[in-house]
Each structure stands twice: as structure tokens, then as C-alpha cells.
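J.: Sequence:
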Amino acid sequence: MGNRGPSAGSTVPTPEVSPGYNNDNIEYSHRNNRTRREDIFWPELPNVGLGCCEKCNSMTGTAEGLAALLSDDGYKHLNWYNIQQTAALGCPLCKNIWDATENQDWSYDDGSVTHDEIVILANVTHLPASAETLRSWHPMKDIHLHSLEVYIPSENRPTHPPYPKGDEEVFGLVTYEADPASSFVPARRESKELTPKVVDGICRWLDDCRSKHLSCPRAHTPKLPQRVIDVGHSPIQLRQSLINERAEYAALSYCWGKSVQPITTTSNLLRHMHALPSSLPKTVLDAIEVCQKINIRYLWVDSLCIVQDDESDKLNQIANMGSIYKNSTVTIVAASAVDATDGFLSDVESREPMAQLPFFC
Numbered sequence: 001m002g003n004r005g006p007s008a009g010s011t012v013p014t015p016e017v018s019p020g021y022n023n024d025n026i027e028y029s030h031r032n033n034r035t036r037r038e039d040i041f042w043p044e045l046p047n048v049g050l051g052c053c054e055k056c057n058s059m060t061g062t063a064e065g066l067a068a069l070l071s072d073d074g075y076k077h078l079n080w081y082n083i084q085q086t087a088a089l090g091c092p093l094c095k096n097i098w099d100a101t102e103n104q105d106w107s108y109d110d111g112s113v114t115h116d117e118i119v120i121l122a123n124v125t126h127l128p129a130s131a132e133t134l135r136s137w138h139p140m141k142d143i144h145l146h147s148l149e150v151y152i153p154s155e156n157r158p159t160h161p162p163y164p165k166g167d168e169e170v171f172g173l174v175t176y177e178a179d180p181a182s183s184f185v186p187a188r189r190e191s192k193e194l195t196p197k198v199v200d201g202i203c204r205w206l207d208d209c210r211s212k213h214l215s216c217p218r219a220h221t222p223k224l225p226q227r228v229i230d231v232g233h234s235p236i237q238l239r240q241s242l243i244n245e246r247a248e249y250a251a252l253s254y255c256w257g258k259s260v261q262p263i264t265t266t267s268n269l270l271r272h273m274h275a276l277p278s279s280l281p282k283t284v285l286d287a288i289e290v291c292q293k294i295n296i297r298y299l300w301v302d303s304l305c306i307v308q309d310d311e312s313d314k315l316n317q318i319a320n321m322g323s324i325y326k327n328s329t330v331t332i333v334a335a336s337a338v339d340a341t342d343g344f345l346s347d348v349e350s351r352e353p354m355a356q357l358p359f360f361c
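Residue 13 in UniProt numbering sits at position 13 of the sequence shown; the count goes up by one each step and never skips.
Honestly, the hints are just simulated from the structure, not real lab data. Remember, predicted model here, so these are calculated numbers, not experimental data. Note that the Cβ used here is the ideal one computed from N, Cα and C, for glycine as well. Some clues are possibly wrong.
[What the hints assert, rightly or not] Below, in silico cross-link-like pairs of lysine-lysine (PhoX-like), each with a Cα-Cα straight-line distance of 25 Å or less:
no. : residue 1 : residue 2
1   : K282      : K293
2   : K258      : K314
3   : K282      : K197
4   : K76       : K223
5   : K223      : K314
6   : K212      : K258
7   : K293      : K223
8   : K212      : K223
9   : K314      : K326
10  : K197      : K212
11  : K212      : K293
12  : K197      : K293
13  : K314      : K282
14  : K192      : K293
15  : K282      : K192
[Stated by the list, open to error] With beta-carbon atoms standing in for the labels, derived distance ranges:
no. : residue 1 : residue 2 : range
16  : G322      : T221      : 15 to 25 Å
17  : R210      : H274      : 16 to 26 Å
18  : R246      : D72       : 50 to 60 Å
19  : A247      : D310      : 51 to 61 Å
20  : S278      : C216      : 33 to 43 Å
Given the sequences, and given the hints that come with them, work out the whole structure.
T.: Next comes the structure, spelled out in C-alpha cells:
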């Protein structure tokens, strides 16, 4: 995504084709303007990167394309017959639109596609007008763009608005915080890497919470749970809190899963208070790393802070778990980990985008 106007870069040209087009690599048949998906073939796509064809790029990379995308009529793309050829030439968005038809019933006798152009609409939310946006001429002023809704015309689908809901393919849109398009596209690329930028963002959120969130219980520094993990000590150890001791702490919410993991018991409690084992599961290690990076010294983890074979301790701690999570400075929710060994941090992107589009800023 670029500055004013579409960003520079290579694009895949849009071919001029007719329904009877054939060459050595691409072939499809034409019967009374109705074509079955199984009649169309193409070879494996070459690896041409994430750059899209001219028609896709114009949709978000020009003011005219964005205006059409936001209109009731939508942005008119290629028809279904032509889009399979731009897919074969390497346009990743066209290929995903084409692949989406695998979920549809393209039988010859019923529901066959037509030669009408594929329609793409924007799924947006409208924001309150601001002084800055009132002065703006941009077609996306006061608008957040969330996804693209793709309608493939057929004999059983309307070719004009209003288009029926539930009959579309939806493609979500994301960008990076530093990208100029982030003012218009609110969703961000998922990343599991704890970069300095991510840490700074977490710290800003915490500062905002401390200073601006009046409904959060931040009038006083929270009282520590009975035991916490001291991530600022070397070696990292379990710590017995003093009576009414107060300090900021994080609480970990995660799934134990089926793997065997270290727990605190009556037999190893003293050892854990000297040093926790090096075999801690990755989810716990990731939570420790987060606490260290955001300068929160104490962490509460149920498997380690509750003596698991002491029924009295378990009953007492479980009864207080609601308060433990409520009063924590931050709760780390490892939602992506189905097992304690999975972890939630990584040095790679969690998901690669299907395609990259320019954005007219």
C-alpha cells in the first residue's frame, strides 16, 4: 500500500479474452453462454508473489475504484470466464475468487454462471465526522473498510442491487499499523512476534488503562495472590506473598491440554520457591517473557501457584480465582494455544495474506 495514488510495483496484465479462447495452457468450453466449472482447466500457477492484476489493483488503488466499491452498485470486476484466466496468469486475488466457486454448485442445468461482471462491495462502518475529515476529499473519509464481499452472477442470482446477503464470498482486509492505509483499514496483520513495537503498543494500552479507564479497579495497586512467580529474580522462582502485600501482577489464562507439565505439589513447593524447573511449557515461558518485556515483575499461573495435591490450598485458591483475574494488572489470554506446550509467541507471521492490494491514500 502506498502514498497518494496507487503504489508502484509489478502487476499482472488483464487479458482480452472471449468465451471461445484456447491456447496450450488454458482451455474452457462455451455452451449457450453457460459453462460448468469442470469444463475449465489450467496448469499449476507460477509463483509470482502477492501482486494482483490491474483490475484488482484499480479497485483499491484508485479514487474511482474506491468510489465504486463503496457504492450500492459495487465495483464491477471481470466476468467469471475472464477471471479464471487472470488467476492462471498469477493474480492471487482472482485465484481466490475463482477457488471460492468450489463452494458453489455450478451445474450445467442449474445455477450456471453468466457473462455478467463479478460485483465486489465494501463492508464498512461509518465514523462520526471530524473537522479533519470534513476538509478531506478522500472517498474513504469517515469510513473504516473491513472486508470485500464478492458476488458471482448466475442465472439464479440478481445482477443488480440489492444483492442478497449470505450469498457472497467475504475476504477480510488487514494492514500494518505503520502503513498509510491503516487510517482506513482498522484490522491489523496478526503477528506472534514480541517485537519492540508490539511491546511499546502493549505498554501504551496499559498506560491508557491506568490513567483513563475509570471503570477498571486501578484506584489502588492490587493485592498480590497468595503465591506468584517472580520473573524478575534470577533464577525465576515461586514466591510466597506477604500478608496484604501489593504490587502489579499479570495472570495467565490458558489451556493445559493433554501434555504433562510441571505443577507445584507439597513435595516440590520448597524447590519451586528456590527455582522453577527449566522444563516449563512454552505457554508459561511466553507469558514470563511478556511480563519481563512490559516490566511487570509478578505472574500468576494456576498450575504453579496452587499446590495441586493440597485440597485445602486448592479450595481456597479456586474460591479466589475470580478476584485474582479481576484484580490483575493484565490478563494474558493464550487463546491460540490448545495445549500448554504450544505457546503463543513466535518469530514468524501467524498467517500469510492471500494477496496484497495497493490503497489510494
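J.: Could you check the structure against the hints above and give me the numbers of any it violates, in ascending order?
T.: Hints 4, 6, 17, 19 contradicted; others consistent.
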